[in-house]
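*Asks:* Chains A and B supply the protein sequences, listed in that same order.
Numbered per UniProt numbering, the first sequence spans residues 1 to 383.
Numbered per UniProt numbering, the second sequence spans residues 1 to 306.
It should be emphasised that the hints constitute simulated quantities derived from the structure, not laboratory data.
Using N, Cα and C, we set each Cβ at its ideal position, and we do this for glycine too.
Treat the hints with care, since some could be wrong.
Said to hold, decoys possible - Using C-beta positions, here's what the derived DEER-type ranges look like: (1) B:139 / A:335: 32 to 40 Å; (2) A:383 / B:134: 51 to 59 Å; (3) B:292 / A:380: 54 to 62 Å.
Stated by the list, open to error - Straight line, CA to CA, 27 Å or less: simulated DSS-like cross-link-like pairs of lysine-lysine: (4) A:178 / B:266; (5) B:299 / A:158; (6) A:28 / A:72; (7) B:266 / A:159.
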Amino acid sequence: MKKLTAVGLGLLMSTGLASFQAQADEVKIGMITTLSGGGSHLGVDIRDGFQLALEQSGRDDIELLIKDDARKPDVAKNLADEFIQRDKVDILTGIVWSNLAMAVVPSVVRQGVFYLSPNAGPSDLAGRLCHENYFNVAWQNNNLHEAMGAYMQQQGLKKPFILAPNYPAGTDALEGFKSRYHGGELAGEIYTQLGQTDYAAEIAQIRASDADSVFFFLPGGMGIAFTKQFHGSGVELPLFGPAFSFDEIILGAVGEAAIGVVNTSQWAYDLDNPTNQAFVESFREAYGRTPTLYASQGFDTANLILSALETAHPDDADAFREALRAADFESTRGEFRFGKNHHPIQDIYVRTVVAGDNGQPTNRLVGVAVEDMQDVFVDECRM
Amino acid sequence: MTLSLLFEQLLNGLQLGTMLFLMASGLTLVFGVMGLINLAHGSFYMVGAFVTAWTAGTTGSFWVGLGAGILAAAAVGAVVELLVIRRLYHRQHLDQVLATFALILIFSEGTRWLFGSSPLWLNVPEALSGAVALPGGSRYPVFRLVIIAVGVLVAVALFLLISRTRLGMRIRAGESDREMIGALGIDIAKLYTLVFALGAALAGLAGSMIGALQSVQVGMGEPVLILAFVVIVIGGIGSIKGALIGSLLVGLVDTLGRVFLPSLFKLFMTPAEASGVGAALASMLIYVLMAIILAFKPKGLFAAND
């Protein structure tokens, strides 16, 4: 009997050991993203794009844990602690908003965990606070605005009227725009309240000015409200903005008021490369909708991780970091590489909103606004 | 600054004011009659907008949607009153705030669960889209003029309801002495449900109309709710007249402040600084207004139970 117990114990121990070993080889990825409340369609698309890439890889040794931050910095911070201390994740990703990223990322990367940003790219993380374990797969926040400044200058627009909400990303947007626009004089510059939904007063000011075009950065519901009200106001000026106000989901809510708007994006669903075509097709099949830029960013982030895992496990931090830095994966954006601060160097495209086949507005690729764009904060990064 | 721009901005202030009145009147009625602080009032605004957007999307008619939105908000209001609010009348304000805050969370997540997390499409009806010429040469959207007209109509109708009808008499009686009208044999429970549903319907009406102008998304009610609370505190809690004056005051001060403060600062600052400082100060302006009014009239301009 004693022998039997010993054998039993031995067996138990060996299975325990085996499962422990399997766990050590397994890669754990923690995703903190916004899945509830306002602006949750961004988080949902990042998640769906990310999961799609994991499914397509066919790997079963990757465990993805997903938690909702409800767009609150304190919640995101707690979730990050929980992921690192309790779940012992190797990689964190998913955060949509810059203020949440600033609350989470600096402490996370110092603890030796890798963080890959599928969206937020605040200037501090590209410059002063850059870190070897932090990679941004989307863009630095200013990129799309800078590209639009350059594009509007190319188009010979002389008097743009510019507006954005009065918060860090809003001031970054207008500063970014102005840093690359030198084609004339601004007709006006307005900072609106964050979360404002009525723009009658601003539209009246635009009407009263002698502007020849309008550039605006109003993400989420703010952009929907502005575009609709601008369309109804009878002011007939061309609208320009970054892609954030014109993803496919927002276009559905704005309706035909958006037709004719020109926007800059690092990605477009009709971008002509095989990876992208396969991605758009499989995304539509899996989720029944056209992917947004956020979905493409989630997809690219997952594929970057997968490519690096081919070379090394995150436990071997140096090798894994090198593999990430090489960015040896098929991006939906075509060519993709990292600058020395681990932020992308990539083409920024121009899209225009047209009426689609079923009358629904949709984006169409026009061309390249700026080739090989790199953020301006790279020199502040000591790495 | 031309005269026509000033006139246009006055209309914008008026439109914001009438919209706030639709929200604030319900809020102040409920507080005046039942003594209840209802944080979930913004949820009825959201319900109205979502049901309108959904119905208008299915039937193709904004007007059917509008009717459905108002009815749905009223129905949801009545159900919420019967199930939850009824138990709160005799509790402290803190309990009421906690319970109605929970309702906000339940409504927001419920709406997201039903309609998904992406904003819904709702546009101004074809007949009312476009703009009309104003005296002075500028143009103004027809739909905003309609919102002003609806706000004025509701104000008149509420005034007649409260001062001329039996229901209004009971509401006024309820405001001045809750126990007594119960003792006089009036079915106070039914009256409460009715008043609550009426307030919810007005919020739904506001949500439906504003949804067409702005965006229909989860959490759209809360920013409006905060403004509506500022309005009723300024106007005097429980007073419809106070809600009307307060809404117009807040609407005009907020709109004109947003426009003229930055231009004022531009006189002695660079444009970028002026728009930053001006915008920051403009967003505080209504709270400054509230503080000044409360300093002189601690119960608001037209306190109901004076």
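*Asks:* Could you tell me which of the numbered hints above are not met by this structure, giving the numbers in increasing order?
*Replies:* 1, 3 and 5
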